[in-house]
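Asker: Next come the chains, spelled out residue by residue.
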Amino acid sequence: MLTKRIIPCLDIKNGRTVKGVNFVNLIDAGDPVELASEYARQGADELVFLDISATLEARKTRHDMVLHVAEAINIPFTVGGGISTVEDVDDLLQCGADKVSINSSAVKNPDLINTLANKFGSQCIVIAIDAKDINGNWKVHLSGGTIPTDIDLYEWAMEVEQRGAGEILFTSMNHDGTKSGFANEALARLSDHVNIPIIASGGAGSVQHFIDTFKSGKADAALAASVFHFGEIPIPDLKEKLRANNIEVRL
Amino acid sequence: MDLVIIDYGAGNIKSIQFAFERLGVHAHLSGDPERIANADKLIFPGVGEASTAMKKLKATQLDRLIPELKQPVLGICLGMQLLCLSTEENNTPGLGIFQTHVKRFSNDVKVPHMGWNTINGLRSHLFDNIDEGAYMYLVHSYYAENCKEAVAHTFYELEYASALQHNNFYGVQFHPEKSSKSGEQLLINFLNL
Numbered sequence: 001m002l003t004k005r006i007i008p009c010l011d012i013k014n015g016r017t018v019k020g021v022n023f024v025n026l027i028d029a030g031d032p033v034e035l036a037s038e039y040a041r042q043g044a045d046e047l048v049f050l051d052i053s054a055t056l057e058a059r060k061t062r063h064d065m066v067l068h069v070a071e072a073i074n075i076p077f078t079v080g081g082g083i084s085t086v087e088d089v090d091d092l093l094q095c096g097a098d099k100v101s102i103n104s105s106a107v108k109n110p111d112l113i114n115t116l117a118n119k120f121g122s123q124c125i126v127i128a129i130d131a132k133d134i135n136g137n138w139k140v141h142l143s144g145g146t147i148p149t150d151i152d153l154y155e156w157a158m159e160v161e162q163r164g165a166g167e168i169l170f171t172s173m174n175h176d177g178t179k180s181g182f183a184n185e186a187l188a189r190l191s192d193h194v195n196i197p198i199i200a201s202g203g204a205g206s207v208q209h210f211i212d213t214f215k216s217g218k219a220d221a222a223l224a225a226s227v228f229h230f231g232e233i234p235i236p237d238l239k240e241k242l243r244a245n246n247i248e249v250r251l
Numbered sequence: 001m002d003l004v005i006i007d008y009g010a011g012n013i014k015s016i017q018f019a020f021e022r023l024g025v026h027a028h029l030s031g032d033p034e035r036i037a038n039a040d041k042l043i044f045p046g047v048g049e050a051s052t053a054m055k056k057l058k059a060t061q062l063d064r065l066i067p068e069l070k071q072p073v074l075g076i077c078l079g080m081q082l083l084c085l086s087t088e089e090n091n092t093p094g095l096g097i098f099q100t101h102v103k104r105f106s107n108d109v110k111v112p113h114m115g116w117n118t119i120n121g122l123r124s125h126l127f128d129n130i131d132e133g134a135y136m137y138l139v140h141s142y143y144a145e146n147c148k149e150a151v152a153h154t155f156y157e158l159e160y161a162s163a164l165q166h167n168n169f170y171g172v173q174f175h176p177e178k179s180s181k182s183g184e185q186l187l188i189n190f191l192n193l
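Chains as they are written, first to last, in our numbering: chain A, 1 to 251; chain B, 1 to 193.
Rather than coming from a laboratory, the hints here were simulated on the basis of the structure. Since we're looking at a predicted model, the values are computed, not measured. Misleading hints may appear alongside valid ones.
As the list claims (entries may be wrong) - Straight-line C-alpha distance at most 25 angstroms; calculated SDA-like pairs for lysine to any residue:
no.: 1; chain 1: B; residue 1: K103; chain 2: A; residue 2: D237
no.: 2; chain 1: A; residue 1: K60; chain 2: A; residue 2: A72
no.: 3; chain 1: B; residue 1: K181; chain 2: A; residue 2: K13
no.: 4; chain 1: A; residue 1: K60; chain 2: A; residue 2: N137
no.: 5; chain 1: B; residue 1: K181; chain 2: A; residue 2: D237
no.: 6; chain 1: A; residue 1: K241; chain 2: A; residue 2: V194
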């Protein structure tokens, strides 16, 4: 049976992990390679690196980081953040990234999805969608959720699938950071609208939230940051409990 | 050990190179027919779309060389699919090593089949010290139909051949280079063949 995936997300700035990370006895919790290796050892199924660096020099640092991560870990990983051209994607894949995640630039230039899927294959093109429930209407937001658009979440999801996206990473802005559970209703509806895998993101606070998003949210994978970084939910424990709840996981 | 990854411009091969580096073996990248013909072992990778990949093989006449190889060859993902008779992906004829056809999953399941799934019915030295039901990482929209040459199968919508073997040719649908410890063991086994 295909398993549900657990995906820790690391925020990267200038080649270092940012936001607090405080678990296990790492020598340097800011080193993405060290953290990635630790997560791989714990049984994470994939990793996502979200690079929030903006400058050109930071891009070079990002390439080095991706190379070092690819050298060190034996599970797949995705790199996202500020990717807007074919060259950006080519560079990252050449450095050993397995997938890239595209967000704002796909909304601004939807043809980019077709171009990337044709050139590199759908399997490595993840479309990240940040959306907010405004009076019952889920609207897509850009630039880390700061810029609202009039685009409907479900319509956009169907469009990105049709254009060749291999996967959707859906972050609910209403749930992100609240630790009150994932946006399961919207997630389940997304799964009814598209036929590509969906990663749930935003709201993880407890083991039950993961159980819920896999069962009622129909998510194929669940992404979280702080609950993993601070050791609040150790991945081996999480997976044991998921399995005890009849959710297929890799142990 | 002279290990060569066949370079025909299909997809990124860094992960495979790195996986062998972690095992202490340097995998050379080459598209030179002579270099390929003389290697001890070969990796035939592939990511992307089948007809484009086949065109690239033909442009360098590797489509003629590969079936003639006598040393162990491991096709990975699209590499494995191209060793089959044909693939539904843009109706592309394959190299015909494995007597099976490659088809697309239906839309009754999510496509691509992406993530970790189990391999079962293991019967090849490729799987020495790998448990029945071990998890491997897969990402693909097309699958090889079950056949006599299947040495492992996986269930997604139906039971399909997730590994194939014919004489010196081996093929795996999953990505051993991304499949944690079990994948590493498979690469070690290939080196030990």
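Asker: Compare the structure with each hint and give your call.
Answerer: Quick rundown of the hints versus the structure:
1. Only pairs whose Cα atoms come within 25 angstroms are accepted, and K103 (chain B) paired with D237 (chain A) is rejected, the gap being roughly 38 angstroms.
2. At most 25 angstroms may separate the alpha-carbon atoms for a hinted pair to count; K60 (chain A) and A72 (chain A) meet this at roughly 19 angstroms.
3. With a CA separation close to 30 angstroms, the supplied pair K181 (chain B) and K13 (chain A) exceeds the 25 angstroms bound.
4. Pair hint K60 (chain A) plus N137 (chain A) does not hold up; C-alpha atoms about 39 angstroms apart against a cutoff of 25 angstroms.
5. This hinted pair checks out: K181 (chain B) and D237 (chain A) have alpha carbons roughly 20 angstroms apart, not beyond 25 angstroms.
6. Proposed proximity of K241 (chain A) and V194 (chain A) is contradicted: the alpha carbons are some 29 angstroms apart, above 25 angstroms.
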